[in-house]
Amino acid sequence: MPPASRDAPPALLDRRLVVVTGKGGTGKSTLSAAIALAAARRGKRVLVCEVSARERVSELLARPASGTQIHELSPNLFSVHVRPAEAMREYALMTLRYETLYRIAFENAAARYFLAAAPSLAEIVMLGKVWWHAARETERGRPRWDLVVLDAPATGHGLTFLTVPEVFLSIVSEGPLARDMRDMQSLLADPARCRTCIVTLPEEMPANEAVELHRALEQHGLPQGALFLNGVFAPRFTPQERTQVARGGPLLAAAADAADAHEARADLSVRYEKLLREAVPLPLLPVPYLFDRSFGAQSVEKVARAIEAAL
Amino acid sequence: MIPFPAGGLARRPSLDEVLARRRVVCCVGSGGVGKTTTAAALAVRFAMAGKRTLVLTIDPARRLANSLGLQSLGNRETRIDPQLFRAAGLAPRGEMYAMMLDLKLTWDELVQRQAPTPERARQILDNRLYQKLSTAMAGSLEYMAMEKVYELNGSGRFDVIVLDTPPTASALDFLHAPARILDVLDNDAMRIVLGPMLKASRIGLKLFALPISLVLRTLARFTGQDFLRDLAQFMVAFEGMYEGFKQRAGQVKRLLSGSEAAFVLVTSPSPLTVEEALFFHRALKTDGIATAAVVVNRVQRDPHRFGGPDAAAALREALQLAQIPDGGNPPISERLSRTLSEQATLADLDRRQVEALSRKLSGVPLYVVPRLRRDVHDLQGLWQIDECLSAAEE
Chain A
1 MPPASRDAPP
11 ALLDRRLVVV
21 TGKGGTGKST
31 LSAAIALAAA
41 RRGKRVLVCE
51 VSARERVSEL
61 LARPASGTQI
71 HELSPNLFSV
81 HVRPAEAMRE
91 YALMTLRYET
101 LYRIAFENAA
111 ARYFLAAAPS
121 LAEIVMLGKV
131 WWHAARETER
141 GRPRWDLVVL
151 DAPATGHGLT
161 FLTVPEVFLS
171 IVSEGPLARD
181 MRDMQSLLAD
191 PARCRTCIVT
201 LPEEMPANEA
211 VELHRALEQH
221 GLPQGALFLN
231 GVFAPRFTPQ
241 ERTQVARGGP
251 LLAAAADAAD
261 AHEARADLSV
271 RYEKLLREAV
281 PLPLLPVPYL
291 FDRSFGAQSV
301 EKVARAIEAA
311 L
Chain B
312 MIPFPAGGLA
322 RRPSLDEVLA
332 RRRVVCCVGS
342 GGVGKTTTAA
352 ALAVRFAMAG
362 KRTLVLTIDP
372 ARRLANSLGL
382 QSLGNRETRI
392 DPQLFRAAGL
402 APRGEMYAMM
412 LDLKLTWDEL
422 VQRQAPTPER
432 ARQILDNRLY
442 QKLSTAMAGS
452 LEYMAMEKVY
462 ELNGSGRFDV
472 IVLDTPPTAS
482 ALDFLHAPAR
492 ILDVLDNDAM
502 RIVLGPMLKA
512 SRIGLKLFAL
522 PISLVLRTLA
532 RFTGQDFLRD
542 LAQFMVAFEG
552 MYEGFKQRAG
562 QVKRLLSGSE
572 AAFVLVTSPS
582 PLTVEEALFF
592 HRALKTDGIA
602 TAAVVVNRVQ
612 RDPHRFGGPD
622 AAAALREALQ
632 LAQIPDGGNP
642 PISERLSRTL
652 SEQATLADLD
662 RRQVEALSRK
672 LSGVPLYVVP
682 RLRRDVHDLQ
692 GLWQIDECLS
702 AAEE
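Note that the protein sequences, when read in sequence, are chains A and B. For what it's worth, the working numbering labels the leading residue of the first sequence as 1, then goes sequentially. For what it's worth, the working numbering labels the leading residue of the second sequence as 312, then goes sequentially.
It cannot be assumed that every hint is accurate.
Below, a list of computed lysine to aspartate or glutamate pairs in the EDC-like style, where the Cα atoms sit at most 20 Å apart [unchecked claim]:
| id | chain 1 | residue 1 | chain 2 | residue 2 |
| --- | --- | --- | --- | --- |
| 1 | B | Lys671 | B | Glu586 |
| 2 | A | Lys274 | A | Glu204 |
| 3 | A | Lys44 | A | Glu137 |
| 4 | B | Lys415 | B | Asp541 |
| 5 | B | Lys362 | B | Glu698 |
| 6 | B | Lys443 | A | Glu166 |
| 7 | B | Lys443 | A | Glu174 |
| 8 | A | Lys302 | B | Glu653 |
| 9 | A | Lys274 | B | Asp686 |
The hints are simulated quantities; they were obtained by calculation from the structure and are not laboratory data. Fair warning: this is a prediction, and the values are worked out from it, not measured in the lab.
This is chain A alone, in the form it adopts within the complex:
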């Protein structure tokens, strides 16, 4: 399936599952929270699934950590922490149905080694859990969540994470796990239900990685939603103004240095935005750099406001 073209708005918030990935430190969790906040404001019931070692979304919204239980962080915005050990247990129980069987198979020393050897079993069960949330329905047969936002791991690992069903199915083709993996695979690959978004920064390595990630996702047939360029500095001074200020003498020395530092970053923003627009045919949403002394609810609020019109 072709990715959304630049002309058509992604209508990201109308999907069942939005996956947010990108290089480490680019602000994936902040963007995940902002996307969820924007959706919740439109009256959608949203669940954010976090899969990294530490929960960040609840922390960003200044709420107690959700842990493995679903908690409401703000109106209509819920979060849950998906951890490998618990996910493994829940998932195995769902598949094997009997607690005793689970104990025999999974709490056995030998099996633990086996589980360590099975490629990406932790990722498989975590993704399985996320998929379960996305597919869950209420008693009346309506989706339990209008939107599930997955705050996925950083690039290299993130791609491993999203291609886990594909890799698994290339090794294992029978059994209940393989069946679920096929369902998962079809959700991730369905552009009507799922879109993967990339978060990046106006710097060389993150920008290049975003381009590579975009291509890899495309190769694996995973439909994409948008590219978020985070931490953008807008040009503020003309070259002429900078020259004048730089020659303005000692009274303007600090100001000239600050203007130089600002414009150096604005140059990078302009250069990498251009590069990304050329290399990645996805809607590009710039998010301005925030000078917040501590990152919290008000920062997520600012980011949500910067992007919500385009969602």
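Keeping the supplied structure of chain A fixed, place chain B upon it in accordance with the hints.
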């Protein structure tokens, strides 16, 4: 290690003092902190000082790789052309080489080296599971990076090897990855579980005939039998080779925890990466390894180190004095005032992080590299970083 008491009583040793007589320098830190650039800058530094230096990198930025004339992958070392040094106005007394680690190839070479016969090596290399495991298993990259360093160090071809470690976000896996991976491969319990499967094919025993088979049957329900069969075949092929692997992993560990190796912690001043740097430091300490130095990259400098007012009204007067029209919308004076305040905020946030890091890592010499005005992607830029690393403490 050079004594450096807490509280800054002694002067901070120079980076050259800290790294003198080291043969292996490992740059560790989370992704996106400029680790590759720091590793390359250290290699340039050693080469300038007359050492035959190799930088082993995992995933360099394309512009840096291109500007150094680096070929991609293949585990081949490339000498950085002396002409490039001359063009950058540098005259190294030593030589600099660079290599990009090829994960799959390093595994294959290790298997070939350790296998008793070429046929056995082939059996393993052809196994479907080996092909997945060797590149997909957690810690595999760390294991092979260390293995390569050990091999290169043993070759005696280089005076110093600088390693740009993989961007491990959550765990410091270098020292534990080999043991963990080998544990999985060589595990009696697992052999017992898989035993029936092996025997079944060998001597015609009915599959799952033994009591232990309940475990196996349950696992098979979960993953399918193909996977278990691949695993069993893989283990048969590997039999008898664990000792060799283990011995070698032990030697790698000894090299890295010995006095010839130095671990340099690389970080940026963002709270997240500082937190991770501290985590790395503790993890190293647990393994009895002292952090030799910490490098903080991209530290924003305060514009107020230069003089002048920062309020819009005062700036308007300063502009007037300098006969610069306060034009534009908003006027320059207001934009300058806002920019000054933003840049000062950035500098203050960074300063606090550096101070906190320095306090928590008391005793570890800390070197600051300011945020440079342009991307570093050539020898000149790398040398500029080296000069920052040599600069006095502020």
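Now for the hints, and whether the structure bears them out:
no. : hint                : result
1   : B/Lys671 x B/Glu586 : holds, 10 Å
2   : A/Lys274 x A/Glu204 : holds, 12 Å
3   : A/Lys44 x A/Glu137  : holds, 15 Å
4   : B/Lys415 x B/Asp541 : holds, 19 Å
5   : B/Lys362 x B/Glu698 : holds, 18 Å
6   : B/Lys443 x A/Glu166 : holds, 12 Å
7   : B/Lys443 x A/Glu174 : holds, 18 Å
8   : A/Lys302 x B/Glu653 : holds, 17 Å
9   : A/Lys274 x B/Asp686 : holds, 16 Å
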